[in-house]
Every structure is written in C-alpha cells, then in structure tokens.
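Quick note, the sequences are listed as chains A and B, same order. If you're matching positions, the first sequence starts at 1 in my numbering and goes up one per residue. If you're matching positions, the second sequence starts at 1 in my numbering and goes up one per residue.
If you're looking for bench data, these hints aren't it; they were derived computationally from the structure. Warning: the hint list may mix true and false statements.
Stated by the list, open to error - Within a straight-line C-alpha distance of at most 30 Å, the following computed BS3-like cross-link-like pairs (lysine-lysine) qualify:
id: 1; chain 1: A; residue 1: 3; chain 2: B; residue 2: 153
id: 2; chain 1: B; residue 1: 62; chain 2: B; residue 2: 139
id: 3; chain 1: A; residue 1: 121; chain 2: B; residue 2: 108
id: 4; chain 1: A; residue 1: 80; chain 2: B; residue 2: 58
id: 5; chain 1: B; residue 1: 153; chain 2: B; residue 2: 139
id: 6; chain 1: A; residue 1: 129; chain 2: B; residue 2: 136
To be verified - Beyond 10 Å from chain A on every Cβ pair, some chain B residues (computed):
id: 7; residue: 10
id: 8; residue: 16
id: 9; residue: 19
id: 10; residue: 47
id: 11; residue: 48
id: 12; residue: 61
id: 13; residue: 81
id: 14; residue: 83
id: 15; residue: 95
id: 16; residue: 118
id: 17; residue: 122
id: 18; residue: 125
id: 19; residue: 137
id: 20; residue: 138
Claimed, not checked - Sample of chain A residues lacking proximity to chain B, with all beta carbon distances greater than 10 Å (derived):
id: 21; residue: 56
id: 22; residue: 89
id: 23; residue: 94
id: 24; residue: 112
id: 25; residue: 136
id: 26; residue: 145
This structure is a prediction, so every number in the text was calculated from the model and none was measured. Heads up, the beta-carbon is just placed ideally off N, CA and C, and yes, glycines get one too.
Here is how the chains run, residue by residue.
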Amino acid sequence: MSKRTQIQIGETIAVLFVFFILIVIGFMFYARVIKSNIEVEKEELSQLRSVGIAQRVMFMPEVQCSENNLIIDNCIDILKLESAQNIMNENNIYYFDLLEFSDVSIYQIYPTEASWNIYSKKMEDFKNKFVTNVPISLYDPVTRKHGFGVLKIETLSK
Amino acid sequence: MQDKKSQMEILGLAIVIVLVLIATIFVIRFLLFKTPTEHRQSFISSELASNMLNTFLKTAAKDCSQLTMTELLQDCAQARSVICANGQDSCEYAEESARYIFSQTLDKWGMNYEFLAYTDINQPLIEIGVSCKAEKRSKLYPIPISSATMYTKLDICG
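Next up, chain B with everything else stripped away, as it sits in the complex:
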C-alpha cells in the first residue's frame, strides 16, 4: 500500500516537472530569442531596386549627345547607330555607365546584384553582376522599341 502511494507521488512529481519544462521552453522560444523586426532593411530593400532602375534610366549620358540611358538602351537593342564622343557605341557606353554607377553605389554598400538589359533573356545585351542564389528583390522595367519590347531588370540579393 505504502509502495503504491510513493509511486503515485513520483508520477505526480514527474508530470509537474514535464509541465514546468514545457513552460520554460515556451518562455525561452517566444521571449528570450525574440529578434527585432528589420523595418528599415525591408524599407530599403523594397525601395532600392525600383529607385535604382528608374533613376538610372532617367540619367543623361555625360558625353553622348545628352541622350538618356533609356534612349541609349533603345538604340542598343535596335540599330546601334549612336556613336558617343569617346568612340563607344550605345551598348558599350550604357554598359560602362551602369558599371560605374553600380560600383559607386551597390558595390560600396556591399550588396550583390544582377543587372540585365535584353530583348531575349537568353542573349542579354548587357549583363552586370552575378545572379542571386537565394532571396532577391527584383524590378523589371519594359522599354518600348520599334520591333518589340526590351526589358531592363535589376535583382538585388538578400
């Protein structure tokens, strides 16, 4: 009789200990390891790709008849008739400008990215950076040309 009572008491104690352990795990999981929400990072990521692309496309070329990057890319996808003051054609000039701008911004901020300008995605006219392996913020911007539509795309990794 005494043995049975002891066994019941031990069982009760074991149940209490299990309940306390479960409660502790919950407290640690939800309170102690609560990571701050990255409001600023999500704002920057969402703004960055679209702002970067829109601003780049509006920018006027330094020494290429003051054409905008959009106009240079349109020529690049069509006749390639524009020759800039430094002897480069529209494709080369747009690519060099994009490389310079991205090196002064995204590269300096330690961000990985991929910039593409294409009519056929398998044969891009301009390709800068490396493709993102995991999460990315993407912005695709269509540019009308006479024969079809060309696209510029900027992926910012992370």
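The following block holds chain A by itself, in its conformation from the complex:
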C-alpha cells in the first residue's frame, strides 16, 4: 500500500471520527431539549389539573347555594358545609376521583372570621404545589345574609 493511500485512509478515519462525535453531541442536545419540553408539558398539565379541581369544587352541589331550586353561582351555603365535611370523609374514594391529591378549605373573612376544611388528601413526595384562592360569597340561610369568604384550593402533584 502506498504511503499516499495510507494517508488518505487515515484522513477518512479522522473525518468519520469527527462526524460521529458531532452526531453524538447532536443527539445529546436533542435529548436535553426533549427532556425540558416534557418538563414544560408536565407543568402545564399540572396547572390544568389544578384549574379543573378548582372549578369542580366551585360547582359542587354539596356546598353550592340554591334558592327555590335555583343555583346561585359563586356562593357557598354555610349550613351545607358541615354535612359536606362528613359526606366527603365517609365517601373518600368517590371524592378522591374528583379532587385527587388536594386540600380544600373555606375561610370567612367578613363579617366574622371562621374556617372550614372540607377535603384533605396529601402526598408526601410532591413536586408541584398550586394554591388557588377564589373569593366566594358565604350564605347563611338562617339570617339570609351573605358574608365574604375565600375558597382556598391547594393541589399537589408529582
């Protein structure tokens, strides 16, 4: 084999080596990009889940106000709250399907201060925690007056 041919073979091997290194670097970069995209999508899904749970709680007939069979939006009946707490504890599995790992509390701010925790299911090794506060009217059917409250929904996800 002539010396020139040997040099050409060496050159080809060097070019191929560099080429494969570039391909490996490209794949590593691509894998990182894909991984970060998956993280972003997971975060978006967790957020959507959190919004879904918040909406489910806001429209739960167990706590929603009604008058003459008409549902009042954005309102929670104080008298229903205690019963709802018991019902939710007794039917844990059913409500876990609806509310998953979350903590639902209602705080009355005005005219007096009070709080109720109607559902709580926590996981220990969570990665994301979203807190959603929704101002809500708290109706007392005994006095027929509305108070000002906040519905606080904490959702946890891995």
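Position chain B against the provided structure of chain A, taking the given hints into account.
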C-alpha cells in the same frame, strides 16, 4: 484553475455553515426557550376581578342594619342618610369594609389593584389602591340609583 476550485469550495462551506447556524437559532428559539403557558394564572386573573366585586357587593355589613354593600353604596351616592352603629355614614362604612376585605385578600396575595365607586369618574366617592400602570383585569359593575347610575370598578394589575 486550482485557485478558483478552492474558492468555490470555501464558498460552499460558508453557505453550509450559515444554514447550520440558522437551523440552530430556530431550534433554540422554538424548543429550548419554550416557556410554559400560564393556564392557572389566566384562570385566576379572569375569575378574580369579577368574583371579588360580585361577592363584595352581596356582602352584608356587620353593624349597619344588615344592609348589603350595594345598598350602602347606593345611599352613599344619594342622600347619605344611613348612619351605622359605629357612627360612620354609608360612604365611610363601605370604604372601611372594602379596605378591610382587600387587605385580607388582594394585599395578602401580593396583588396590586384599584377599587373605585363613582357616579362621576373624576370625583370618585371611594378610591382604594393605586391605578395600574400596565396590563390589568377589569370589572365594572353598574348599580342603579334614583338620579342616574353609579359604578363600582375593580382593576387588578398584571
């Protein structure tokens, strides 16, 4: 002849490098710096201003003949004949209640806002918070009074 061939090869290489650079910039722009869509934040912002205002207006005053905030504001814009148990008139009482409620909610959540109650926007009856300098979510709620219409407006900044 040899020089011309080399020049052509260099030009070809330059074009390839430019194309690779453009492709890299696109990859970085669309994949690497993809920010998560804030589904939860947009849900909260859209719900917050309207829920806050609706709930506040429905709320019954603690020691003012159990009148609602709407009724107090109506009196505030007209005769100012209502005097509450603590000696405040309807305007003062509604303003103090609004300040308390907003301090327990929007202030605690670190949100900037502006609340206005007016018949003439240049001379508001109640003004709480500071006006938003950039983006805001706004809710305007008209309240009928005998002479005209009064408005309550809540802007939540950001």
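**Study point:** Distance rule for residue 138 of chain B, whose beta carbon must clear each one in chain A by more than 10 Å
**Key:** Correct as stated: the minimum Cβ-Cβ distance to chain A is 16 Å, above 10 Å.
Closest CB of chain A to the CB of residue 125 of chain B still more than 10 Å away | holds (20 Å)
Item to complete: Quick one: work out the minimum CB distance from residue 56 of chain A to chain B and report holds if it exceeds 10 Å, violated otherwise.
Response: Per Cβ check, residue 56 of chain A is outside 10 Å of chain B; nearest 13 Å; holds.
If we take the beta carbon of residue 83 of chain B, is the closest beta carbon in chain A still more than 10 Å away? holds (18 Å)
Residue 81 of chain B and chain A, when compared Cβ to Cβ, separated by more than 10 Å:
holds (21 Å)
Q. Taking the minimum C-beta separation from residue 89 of chain A to chain B, is that value above 10 Å?
A. Holds, since 28 Å exceeds 10 Å.
Agreement of residue 3 of chain A and residue 153 of chain B with the hint, judged by alpha carbon distance not exceeding 30 Å: violated (88 Å)
Given hint residue 139 of chain B paired with residue 62 of chain B - CA-CA distance at most 30 Å = holds (25 Å)
| said: Is the claim that residue 112 of chain A lies outside the interface with chain B correct, judged by CB distances over 10 Å? | reply: violated (8 Å)
Practice item. Measure nothing beyond the straight line between the CA atoms of residue 153 of chain B and residue 139 of chain B; if it is 30 Å or shorter, mark the hint as holding. Key: holds (6 Å)
**OP:** Check the non-interface label on residue 19 of chain B: least C-beta distance to chain A beyond 10 Å or not.
**Re:** The claim stands: residue 19 of chain B keeps its Cβ more than 10 Å from every Cβ of chain A (closest is about 15 Å).
- [ ] Decide if the proposed pair is consistent with the structure: residue 121 of chain A and residue 108 of chain B, CA atoms, cutoff 30 Å inclusive.
- [x] holds (25 Å)
Going down the numbered hints, you'll see the structure goes against 1, 10, 11, 12, 24, 25, 26, while the others check out.
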